[in-house]
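Each chain, letter by letter, is given below.
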Amino acid sequence: MDFSTEITYSAEQEKFRQEVSVWLSENAQIPAEFKIPRETGDMSHELYNWVREYRKKLGAKGWLAPLWPSEYGGGGLSVDMAQVLEEELSKRKIPAIYDNRLAAPAMMVWGTEEQKQRFLPLINKGDVITWQAFTEPEVGSDAASITTSAVRDGDDFIINGTKVYIGGPFSADYIWTTAVTDQTSPRHRNLGAFYVPADLPGISFSDMELIVNVGKRFVYYDNVRVPGEYLVGGENQGWQVAQTSLEIEHGAGGSIGEGASRDGGVVAALFDYAQTAVDGAGNPLIEDPRIRDLLVEARIETHIVELIALRNYWMFNNQKRMTFHGSQNSLLRKLLAMKLGNIVLEVAGPYAMLNDSNWAPSRGVFESHQRQAITAHHPGGSSEIQKLIMARRLGLSRSKEEAAPTKVA
Amino acid sequence: MVDLGLTDAQEMLRNNAHRFVQDKCTREVVREIDESERGFSESLWKDISEIGWPSIVIDEQYGGMGSSLTDAGLLFEEMGWACMPSPLHSSSVLSALVLQQAGTADQRQHYLPLIADGNRIVAFAFSEPGYGWGPESIHTQANKVGDKYVVSGTKLFVPDAESADSYLLVARTRATDVSGSGLTLFIVDKEVPGIHVKEVSGWTGDKLYEIAIEDAILTEAQVVGEVNRGYEVLEPILDRGTALLCAYMLGGLQQMADMSVTYSQNRIAFGVPISTFQRVQDMIINIVNDLEAVRWTTYEALSMIDNGAREQDIAEAVSMAKIVASEGFTRGTENAHYVHGGVSVDMKYGLYLYTKKSRTLFSYLGDPAYHKKRVASLMFD
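Chains as they are written, first to last, in my numbering: chain E, 1 to 409; chain V, 1 to 381.
Keep in mind that the hints are not guaranteed to be accurate.
[Stated by the list, open to error] Quick look at which bits of chain V chain E covers, simulated, 3 or more residues with Cβ under 8 Å:
#, region
1, 3-17
2, 245-253
3, 275-281
No lab work stands behind these hints: they were computed from the structure.
This structure is a prediction, so every number in the text was calculated from the model and none was measured.
Glycine residues also receive a C-beta, built at the ideal position from the N, C-alpha and C atoms.
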């Protein structure tokens with residue numbers, strides 16, 4: 001076995017790294033006048049547009065979806081090369097913009113060849129921004145209980161309903177939507193999945209106010225006429241199609257290297273704080289055995305989640321049979337975020353809750369983490385739902401369940 | 001490059017080991033050994049020796065297999081799955097690695113082939129009444145008198161001391177200071193006067209012993225490695241032994257998951273299998289979460305050793321793995337008890353074998369408190 005993500009690279013990898021690095025030097029320099037936002041929702045429209053253009057350039061080279069086949073807008077790269085690319089990209093720290101590309105794997109598995117040819121390059125090359133719109137008010141954990149309806153009218157569908165917790169700042173080009181296509185069929189046999197152009201008449205949005213500023217919306221469908229060509233996977237297959245998106249969202253794909261636990265830098269800030277701050281008696285925190293234990297716990301818990309993400313990355317890319325693994329990744333990541341929030345509170349006390357320009361440690365990373373951790377607990381299925389899925393995949397429940405198909409390359 | 005898979009040869013090694021323990025080391029066999037006077041089975045040891053397990057990490061030149069720690073880990077995982085009692089870890093890992101690493105040519109030529117064949121068992125006598133795994137915990141004194149050493153002190157919580165033919169004995173020859181640990185290692189055959197072995201009774205996963213040493217006379221030929229530099233030899237070997245111990249604990253925890261899944265699927269209450277109750281599912285999910293944490297921290301530590309990582313990084317990975325394994329295995333048996341209910345304390349069912357094993361290994365080679373201190377020191381000092 002080999003766990004090292006820092007590896008002895010082949011000459012071919014080094015050559016590719018050089019190519020990527022040169023390209024990024026020319027294309028990934030954020031103009032100095034843009035302020036880097038603290039939260040997604042604070043991003044200026046100018047910076048947003050710059051990031052979109054940058055992603056299109058990246059996409060044109062196939063580097064936005066490096067492991068995807070080039071015929072569908074991907075890079076057609078091997079895992080070895082994709083890793084090098086990932087490493088170089090992460091060094092540049094380009095702010096992320098919200099683009100939920102989980103429609104792509106679902107379309108790859110369930111779409112017609114015509115749909116794949118038409119939509120996958122758009123998604124994989126960054127030409128379009130997609131928002132995923134599955135959940136609704138009164139739906140939450142019971143994702144199959146949606147009421148948004150899609151009624152067939154000739155070759156078209158008329159969609160009505162409301163979606164919630166959708167998208168991010170600014171606008172989308174497509175909305176990846178589930179809706180009830182058959183009011184009479186039983187659960188899981190009654191939905192359709194639509195890749196809806198966001199500019200169709202009858203679609204409107206309103207902003208939500210959440211404890212994190214990530215620009216989430218309500219989406220309203222008011223008699224929206226959607227041509228049948230946007231239905232993916234057939235009229236009553238929407239539940240199965242959505243499962244492919246959710247399987248990936250739960251973390252089946254895994255991740256590699258630093259940041260695999262997605263802690264947003266809070267652990268580094270925690271270590272930094274503990275090594276510099278003193279207590280009321282003037283003693284360095286780092287000499288307090290209780291604080292040291294907490295720091296080691298933060299290190300271990302974070303590392304476990306990194307290893308689980310690495311496990312999934314390896315399994316996913318080597319086509320190993322995955323069962324509970326995706327949901328376990330998601331569950332542990334969600335629990336880790338909460339645990340780190342508590343450790344930060346124990347170590348930094350009231351400072352953990354500050355974003356004050358004068359008094360907040362690490363420019364408010366702790367305070368932001370308190371809100372992020374709680375918010376991240378629910379999207380893509382709460383921790384309880386991840387446990388439910390794990391139980392099914394472990395063969396404990398009445399309903400037996402396999403992982404949804406996710407094959408990409 | 002990231003590769004978390006086993007080679008074909010490793011798959012075969014594991015499958016063979018799994019079949020062996022299923023056949024030769026059933027729950028009934030383990031119970032029988034556990035209740036025997038010495039906690040040791042001659043016939044099982046003979047079977048293990050025939051398939052070469054005591055030679056797994058010993059170099060080929062001394063009749064060993066010279067396998068990687070990852071390979072050895074697969075065997076320990078299967079042993080743990082079966083909860084197999086044996087002196088393999090004390091003798092063929094800790095003691096053998098010390099002799100192989102630091103022994104004189106004579107010591108290596110004499111002991112290692114015997115250990116590899118299973119014809120000699122060497123207990124690892126480190127811990128003392130003031131329990132701990134750093135050099136500061138060693139108070140057994142070895143005083144140089146002429147060309148001899150006079151040794152006095154008490155070793156406690158030593159596994160396998162009764163079934164052993166020899167001891168790898170750790171004693172103090174000087175105070176620990178900046179120049180070194182002041183510890184010296186000795187290889188001692190059992191017949192030495194002044195050494196008395198007595199079982200310490202308790203609900204323990206392995207039989208544990210007190211070794212009372214009163215003015216035992218040892219010679220210079222029995223010193224293993226450099227005088228006063230014993231812990232310097234031991235520390236990396238303790239890390240290797242700890243990583244393999246984690247593999248054993250991983251196997252035990254896998255058994256907790258296997259037993260809990262199977263039992264809950266077959267036990268009917270209120271007309272349905274209890275596995276369909278979400279509260280029961282939560283317990284099993286907790287086991288599986290601990291299991292995967294132990295698995296990957298352990299595999300990572302083993303693979304770092306095999307791939308020649310820096311000793312400091314190995315130390316950190318091993319200590320993290322032991323913290324996770326000690327906590328995970330203990331909690332895993334607890335959850336297994338909750339899933340099983342009353343039958344979990346029925347001796348015939350045998351779950352308790354894992355329960356007491358987990359609690360004994362919780363502390364062995366360092367408990368979480370010890371290893372947390374060690375990780376903190378590696379990270380911040």
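A quick look at each hint next to the structure:
Against chain E, the region 3-17 of chain V contributes 4 residues with a C-beta closer than 8 Å to a partner C-beta. That satisfies the three-residue criterion, and the hint holds. Counting residues of the region 245-253 of chain V whose beta-carbon sits less than 8 Å from any beta-carbon of chain E gives 0, not enough to reach three: the coverage restraint is violated. Coverage of a stretch by a chain is defined here by at least three residues with a beta carbon nearer than 8 Å to that chain's beta carbons; for the region 275-281 of chain V and chain E the count is 5, and the condition holds.
Comparing the model with each numbered hint stated earlier shows that hint 2 is the single one that does not hold.
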